[in-house]
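Protein chains: 4
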Amino acid sequence: MIKVGIIGFGYWGPNIARNFQENSGLELVGIAELDENRRAIAKQKYPNVHIYEDATSLFKETSIDAVAIITPVSTHFELAKNALISGMHVLLEKPMTSSVAEAEGLINLAEQKNLTLMVDHTFIYTPAVRKIKEVLDKKGLGELYYFDSVRINFGLFQQDVNVVWDLAPHDISIMQYILNSQKVKSVSAQGVSHTPSQLENIAYVTVKFENDFLAHFHVNWLAPMKIRRILIGGNEKMLIFDDGQPSEKIKIYDKGITVSKNNRETLYKTLIQYRIGDVHIPNISNTEALKIETNHFVECINTGNRSDSDGESGLYVVKILELASRSLKSGGKVISAD
Amino acid sequence: MIKVGIIGFGYWGPNIARNFQENSGLELVGIAELDENRRAIAKQKYPNVHIYEDATSLFKETSIDAVAIITPVSTHFELAKNALISGMHVLLEKPMTSSVAEAEGLINLAEQKNLTLMVDHTFIYTPAVRKIKEVLDKKGLGELYYFDSVRINFGLFQQDVNVVWDLAPHDISIMQYILNSQKVKSVSAQGVSHTPSQLENIAYVTVKFENDFLAHFHVNWLAPMKIRRILIGGNEKMLIFDDGQPSEKIKIYDKGITVSKNNRETLYKTLIQYRIGDVHIPNISNTEALKIETNHFVECINTGNRSDSDGESGLYVVKILELASRSLKSGGKVISAD
Amino acid sequence: MIKVGIIGFGYWGPNIARNFQENSGLELVGIAELDENRRAIAKQKYPNVHIYEDATSLFKETSIDAVAIITPVSTHFELAKNALISGMHVLLEKPMTSSVAEAEGLINLAEQKNLTLMVDHTFIYTPAVRKIKEVLDKKGLGELYYFDSVRINFGLFQQDVNVVWDLAPHDISIMQYILNSQKVKSVSAQGVSHTPSQLENIAYVTVKFENDFLAHFHVNWLAPMKIRRILIGGNEKMLIFDDGQPSEKIKIYDKGITVSKNNRETLYKTLIQYRIGDVHIPNISNTEALKIETNHFVECINTGNRSDSDGESGLYVVKILELASRSLKSGGKVISAD
Amino acid sequence: MIKVGIIGFGYWGPNIARNFQENSGLELVGIAELDENRRAIAKQKYPNVHIYEDATSLFKETSIDAVAIITPVSTHFELAKNALISGMHVLLEKPMTSSVAEAEGLINLAEQKNLTLMVDHTFIYTPAVRKIKEVLDKKGLGELYYFDSVRINFGLFQQDVNVVWDLAPHDISIMQYILNSQKVKSVSAQGVSHTPSQLENIAYVTVKFENDFLAHFHVNWLAPMKIRRILIGGNEKMLIFDDGQPSEKIKIYDKGITVSKNNRETLYKTLIQYRIGDVHIPNISNTEALKIETNHFVECINTGNRSDSDGESGLYVVKILELASRSLKSGGKVISAD
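In the order they appear, the protein sequences are chains A, B, C and D.
Take the first sequence: its letter number 73 is residue 73 in my numbering, and every next letter is one higher.
Take the second sequence: its letter number 134 is residue 134 in my numbering, and every next letter is one higher.
Take the third sequence: its letter number 298 is residue 298 in my numbering, and every next letter is one higher.
Take the fourth sequence: its letter number 68 is residue 68 in my numbering, and every next letter is one higher.
Calculated directly from the structure, the hints in this document are not laboratory data.
Don't take every hint at face value.
For identical chains, the list gives no copy identity; a pair is met inside one copy or between any two copies.
[Claimed, not checked] With a straight-line cut-off of 20 Å between C-alpha atoms, the simulated SDA-like cross-links for lysine to any residue are:
{"id": "1", "residue 1": "K329", "residue 2": "N211"}
{"id": "2", "residue 1": "K226", "residue 2": "D242"}
{"id": "3", "residue 1": "K138", "residue 2": "K251"}
{"id": "4", "residue 1": "K81", "residue 2": "T195"}
{"id": "5", "residue 1": "K329", "residue 2": "E210"}
{"id": "6", "residue 1": "K131", "residue 2": "H280"}
{"id": "7", "residue 1": "K251", "residue 2": "H280"}
{"id": "8", "residue 1": "K133", "residue 2": "K333"}
{"id": "9", "residue 1": "K333", "residue 2": "E210"}
Please take these sequences and the hints and turn them into a complete structure.
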């Protein structure tokens, strides 16, 4: 059984802890947390787990095989580096790091140490996103045209990162996963901050790819209601993933256009024909994403297999975030990915 | 009674005709239409109205006081110019013209001739948009933060203009109206075409203003379902205008943030407090927008008053469209409005 | 071409007139209407159609082959009787008559005269209901368990009939059509009136069938919002028909239960297993129901075929309404259909 | 601090246990559970709580002040009686008992023993239902006309009670609470069973009151989707409580009718005028109902105050259920409440 620790017992850490605790392949042995009150809560919930006052002490515990690092992004690189140096497999909260350079550093280190480095892209472990990938891998929508994501809500302004770094990683990681890390051509972003922090709380990010594929992300902490919806358009079908629905989250529309040319009229203009068929709502299992992800983490550690959310996929997301940040700072310039 | 003619009896013209016919201040006397089949339909519907084979013949009819021009945008300038020269008041389909220069030309000509020049920004005559303006004029949302519009559907690819020129005028004219033509700082747009026409069928347009106010428009002819929704965020309240709903189109959320500073914690970080109150759904009349607009057209002609959708507001919309086009052509560059 | 007249040009009559006018198999030659203002409107809309001051004059017009009777239910029997006696085919507004006896009288008379007698059960001509029948005819839901209908809205209190006679005919006729006039065992109804008219404005009607099939109808003129929704449950699948949706009106759920018995546990209790599969939303054409119905009326007259909404189906609906009325008067007693 | 025990650690018991554990006025000291596996789970979650193999042993523990009984309804009477005899305050799962006689027995016993007897009508402790009562207590809807409830879903067929006893107690207890136990005139019910258990899995219950107030309950275990919605109509306003919504659960419609009489037309017919105003969505707190209920239980024990869901309210619900059962057995007869 893999002995596992957790660094950071704030908002998300308890969910990781619960899933680690319930996983038969893992033994949760340590939790490191800087805040005294949070440590008390961890202590009460997990009386048999060792509670550390900081990560350094936990890293010294040589019996620990793996750690989940669930801390603010600015600390990810140092903590993950030290974990890897201590010989521990790492599950790292998203976004992976604050910069591409840091992400590359961790990837190299993990490779060198032959350790599993996995990023906590939770959404790609939801049954819904797995189903979408299944559909797309079978070319179920035909050739892809666009990816349009809206993730807006009211509240939870972050103190250390802007809304792009906070919310967009969810959708970018979904896109990375279902599009198999398709190569990005350019990124642009526009946003605005309404607080003295100067951190943007509303932003729009456009990602361009070869082949006229276009992705767009709307993220907003200051919207009156919660929307979490992704549209994916293909030349044969189109798909909606509405994560705000309690059920029927995915709808696949058998709709498309046919551009006709063997027609007298097309001497002058293109003839477009519209095809409208049925809608299909696949049944989706209710399994908790973190449970699937935890099983996958255990399996990767045990087999040495690459994770579906490995360092490279974490790097992919960070690269887009970094380009978006540069664009935001420049007032919206289109930044080439090369 | 004002004698009125209509140029163009295609998709939208019949609605104008019906409203003109039912208006007690107007007498519909002529319809000009190039297509023979459409002329036949006009003839059957309005046996007592003179049907012309082209606009030129209609313009020669000196007894006609006013015309509605409901034709493709590329013809707007010439037709409106000739109508004004013929001494006729003009109701001009949106977008007003293909270029800023043309719009300015028409404004000058109308002023010179002392004729009413009104643009058919139908949406600003809907009871819903009128209600929104009423709320905003009373500072009902506080200081405005953003305007976010989504207008997407499946079908009706235009042959002569891209999706920005086809769909965005609706939302830009709404924004122009409710924000009283607030001065634009810059425009950027990204889009993609999936047909040989090279006309973009999906696009995102960002408009920046002074004071960190941000507007964004998502337009798409290739979406699986119809969405017509505008979010307007203020520092005190937020508003949703969901035009896809059969009723309850406007929801006003009493939600906002307070950025606190007189607090020890703010030595290090900003303290944001969230306020969540009730939601208010104002009752909206069912009056047809075109009926209100037609009454307004008659009133402007009779009184010489400026229209709520006068040439200047048409120009405002065209200016943003023109900047968006330049940005699209440049691959998404931010184009300054000055 | 069949020469056709219309009796009653109130709320629904104009829709019939428009469809008759547009149908190539019909020639609309006469409209009879008691109200002077309504006659003026008919005159303006159909300048070439003869407008009669009452039905009697129209019935004397021997050149008229068929009439649509779109008047209050209390007048149906007399008008339809006279039309048939005058040798005219009849399309009769729903509900067919005020009583079973009257309905039977008309059926006999039409048979005797060898004339088409069709009831205007418009809903059974909607593409959605046709699709539902298609699914059920193929046993697409398995064995049927229940039919649950809700048709509620705000307004349009009738002066001459209660809410059951006003709204329930829609849903009962749908049920009659898709269940092929399955034999009714009993009817009960409870309702209440909140106006001096003593006409119930809210009511619940239960219809029992052999084989434990149960139907229930909730009708209400005093509900805050409009709901028009039918659930049909089968042992294999279940279906929702939500007519309040602009699209995606029909959803077919691949859900069901299996009652297992070859199991040790069932010595003590029944073991129920739940099956949850995909949801299917069939594409539905947008054709107007009245257009389909009008074509069907023409075809029935020309061929002598029985209509899908013939006198028998009208009688079926009236019988349930009559039983419901008796139950309402008795305070909710279960009234046997025999 | 009140020492409290729990009898029954099945589906709902763990929620009670968590809330008892987190309540500062209670000390959870014992859990009795017949099933060995469930006992093991209780043991693991609450290592410091004594786990009993049956209720009898727990009742012998004289240091226990109060118990929650969360077991099948058939056991409620015996268990609650023994708890009261043992001098313990009782929180009893809904429905209170299997019969009116049992409910009355418990009420008398609790009174005699001067102990708190509270029924777990959880819904009346939700912030939404509290808000509705607040509105109704202020006559916010005017005079009440009807209460219409739909609680349908797919699954969870009970083995010991039918769908009326399983689902309707939620809605009947809500009605009892917000209508202050208004006196019932009669009850009728119709339903059908599709399993060998002969327990109805779909049913409709109508409850009549004086003053033409009408209540109706639709409960169904075999519906394709989940609906939990209550409509309450008044002569001034109407209210929807849609518990299936994640937010905006309550909407208050400023809609109503005015029956006019001082009008010439009313010599012949009633003139009804429709009033349509705004919709108001009150903000509702997110506090967990069980937390509010637990606090209330503690307070009732400490002060001796009557609970909002005291024995009388439990009896009220059971009485309607008992009448509904009699009606179901009779095939739908209207059963007088006297």
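Here is how each hint holds up against the structure:
1. K329 / N211: Answer is between; shortest inter-copy Cα gap is 17 Å, intra-copy 28 Å.
2. K226 / D242: both (11 Å within a copy, 14 Å between copies)
3. K138 / K251: within (16 Å within a copy, 25 Å between copies)
4. K81 / T195: Neither: 33 Å inside a copy, 49 Å across copies.
5. K329 / E210: between (25 Å within a copy, 17 Å between copies)
6. K131 / H280: both (13 Å within a copy, 16 Å between copies)
7. K251 / H280: both (6 Å within a copy, 10 Å between copies)
8. K133 / K333: neither (31 Å within a copy, 33 Å between copies)
9. K333 / E210: both (19 Å within a copy, 18 Å between copies)
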